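Chain A is fixed; fit chain B onto it per the hints.
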Amino acid sequence: MTHPAIRLLLAMTLALFMNTLLFAGELENKVKAAYIYNFTKFVDWPNEGAESMSICYVGNDPMRTQLGELNNRQAKGRTIKIIRSRDLSAIAGCDMVFISQSEERQLGALLQHLQGKAVLTVSDIPQFTQKGGMVGFVMEQNRVKIEISQKAVRQGKLKISAKLLEVARVMP
Amino acid sequence: MSREYLSVRNLPIRKKLVLIAMITTLFALVVAGAAFTLSARKQVKQNMVQDLSALALLIADRSNAALLFDDRIMAQENLASLRIKPSVTSACIYGEDGKVFAAYNARGVTAEQFPLPPDNGLKYQFTQHQLVLFEQIVVEGKRIGTICLRSSLAELDTLWQRYLTTALLILVASGVASYFLSSRLQQIVSEPIMALTSTARQISQHKQFSVRADVVGNDEIGLLGQAFNNMLETIETMNAELVNSNRSLEQRVVERTLELHDAKERAEAANRAKSLFLANMSHEIRTPLNAVLGFSQIVLHDPNLSSENRHNLQTVNRSGEHLLTLINDVLDMAKIESGRMVLEQAPFDLPALLEDVTEMFMPRAIAHDLQLIHEISYDLPHCIAGDAGKLRQIVINLLGNAIKFTEQGGVALRARAIRRDGRNWLELEVQDSGPGIAPDDLQLVFHAFEQSELGRKSQGGTGLGLTISREYARLMGGDLSVTSEAGHGACFQLSLPLVEVEQTQLAPATAPVRRVLRLRPGQQEWRVLVVDDRDTNREILVKMLAPLGFTMIEAEDGQAGLEAFVARQPQLVLMDVVMPVMDGREATRRIRALPEGKEVPIIAVSASVFEEQLREIIQVGATDFLRKPLREEELLEKVVRFLPAEFEYEGEAPALREEERLSGAGLAEALAQLPEDLRGELLAAARQLDRGAITSLLDAVDGIPLETADSLRSHAEAYRFDLIEEALLTQRQAATGGEG
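Chains A and B are the protein sequences, given in the same order. Numbered according to the numbering used here, the first sequence spans residues 1 to 172. Numbered according to the numbering used here, the second sequence spans residues 1 to 740.
Isolated chain A, as found in the complex (with noise of 0.2 Å):
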């Protein structure tokens, strides 16, 4: 029953199809990647005048590459530091920390400890901002979406931008 031919067109159509896979993951993640350096324009950290900026990573890396591209660049007058870590006392000390969808179990413990620090969480964990994180990426129609929960910044002592709240869904 299985035709060569049908055979052929069906590996064809399943290539094409992982290949867009491939490509939407990636594309989502470059997406993310400029998300999280455009909030370097719309987020007002306390310690203004800094020399840089650290961006911190925590999780597996899907992401890498593409964080990685922001590594150097200029964020507000300051140099941009990305820096990979699982040490929690390493990341509080972070201006910002994207949290990969692997370290879902351990949100809460790494939540708690960013808790009352002047730091800019972001995630692309579903439900992020209801679980106490600030910012969160949710995919709808295929496109990436902002979700801000404003009493998380409140309690991070961060300001944002109000264009950034008009182009997210501020959450309660």
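Don't read these hints as lab results, they were simulated from the structure. Keep in mind it's a predicted model, so treat the numbers as computed, not measured. Treat the hints with care, since some could be wrong.
Computed list of chain B residues with no C-beta within reach of chain A, every gap over 12 Å [said to hold, decoys possible]:
#1 63
#2 75
#3 216
#4 262
#5 429
#6 581
#7 684
Lysine-lysine pairs mimicking DSBU-like chemistry, simulated, CA-CA at most 30 Å apart [said to hold, decoys possible]:
#8 B:543 x A:41
#9 B:390 x B:543
#10 A:76 x A:30
#11 B:99 x A:30
#12 A:157 x B:99
#13 B:123 x B:42
#14 B:390 x B:638
#15 A:117 x A:159
#16 A:131 x A:157
#17 B:99 x A:145
#18 A:151 x A:81
#19 B:123 x A:76
#20 A:76 x A:145
#21 A:30 x A:117
#22 B:15 x B:85
#23 B:99 x B:85
#24 A:151 x A:76
#25 A:81 x A:159
#26 A:41 x B:142
#27 B:142 x A:159
#28 A:76 x A:117
#29 B:85 x B:16
#30 A:131 x A:117
#31 B:123 x A:41
#32 A:30 x A:151
#33 B:123 x B:85
#34 B:99 x B:274
#35 A:41 x A:151
#36 B:142 x B:45
#37 A:30 x A:131
#38 A:76 x B:142
#39 B:85 x B:42
#40 A:81 x A:117
Positions of the beta carbon are idealized from the N, C-alpha and C atoms, including for glycine.
Just chain B, lined up with the frame of chain A:
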């Protein structure tokens, strides 16, 4: 074009000024308005750009998050806020990649293709109807997109239109205002000019230089007015001077005219005075001469007179006669000069007269060994009217002079009739081969009292001959001229108008008059009234007539004469002309007014030399006249003619005519009694036609019988030298014949 230019030039200054003000104002307004409008438009555009740019930047700023976070809806919402700005028709936001990220179209505006965002720095671009503006969307120095706004220019156009309308309104309003203003203000300039112009026109039309222009102000027109007034003043002054000088000139002309008139009057008065003086002198000279000649004639009748006394008395008589000739010559000249010479107009035989005169000169020419040529043209009319005596005098003068001054060769007398200027003329010329006349003397020869060198050297005469001849010729309507070259003789040309008359008009020869001895006895009493204020004159007449048997009545003026006429009824009146109380004219007139005085013969006796005086008394009624000094023969001739008395005449032979009394045989016989020398001298003088010489001879030599002397003298005075010569030759022949 030039016509328009001219028409502008011909505009009155008033309109020119308005025009200039209008053009200037409108030009300034248009330029200012245009500049203002253009700059306003630029400003408005810039404002639009700025406004739109601000708007774009605002939206860009607001949209950066949407762009960064790929929120198209948000971006669209931001763009949609442009709704509040209706002029913005459409807008779009490009992403970093240049693709349209979000777009906006105003209500009712169809979607348009948006242009690609420019790569260069161009921020905005005006097309015909819209302004397209681009603003980069920058976040932290990094361009994340571009916003594009398209704005309609309708607003600008509306604004533009409003500006234009306003500018036009301002233009029209300012134009009208400037017209009124310049119309008013131009009077400041134009009125003085127009006033000046009208003044100038008034002056040029009415020539009133007393008018002055009103000078207002001290500007150029004021100065012009002043200069104009100064000029007028100068003109007026010059006019006045001109008028003055004209007036004074006229005054001077009048004065000069008066002076000239006065001078003329004086000259005429002087001339009249001269003539009067001459007339008076002549009268005054003739009056005593009358006595001298009269009494000498009376005394000569005395049979008891010693022969010596008779001779003496004859000398007195001759001298008186000579004196009379000289006076007559001068008087002729005076008469000519005072224009009182009167011409006779009687028929005479012209060729006969010329032949007569030539004949007369022939012996003298022969004596001088000269050829005397006589050429009378055959067509010369025989009978002409004129003054034969004066013509004769002229021809004798001319021939006499020619023969006198010519030493060898000959003298020619030519006469012919020619027609010139529609009239007949007698052309008479006397040519000689004498020494001629120097050019300087040519005209001098006719001048009175001026004799040429030759004339002065030659003796005798008053030097008036040629002068009198020329004056006679001119009196007769002709002329006497001379052509001559020194050494080649002279030629005198006489030309006279020729008036031919019928042969029958020739005067009949006068009947011979016989010498009266006395009134035939046994007749009635013949009374003669003598009226004269001078005793001597009366006495002469009385002594001349009383011996003949007349009853003489004397009266010493016209009044007395009139009374005597009425009282005595004389048959003859001898009336002096110039008298006190009543003159001869008045007395004659009064006598003629009397019934018994109508027919009586009145003979005027006058010393006047002027024919018109004699004519005058003839006109008032005198029958005839006698000249003083009286000659007995003349007196008796008149008496015989006018008094119907009977007379006894001398001898049996009929008396000769006065001047021929002793002509022919009688005179020849009488001449025989004269000395031989005297006869020779007389013959020479007669041949030379020298009246003065004959008179002098008669005066100088004693013992010439009175009758002989009288006869010779009267011949000489009448220029009948031929008769004298004939008598002398007859006597000589008789003497030689008697001897032989």
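Hint by hint, which ones does the structure fall short of?
-> 1, 2, 8, 9, 12, 22, 29, 34
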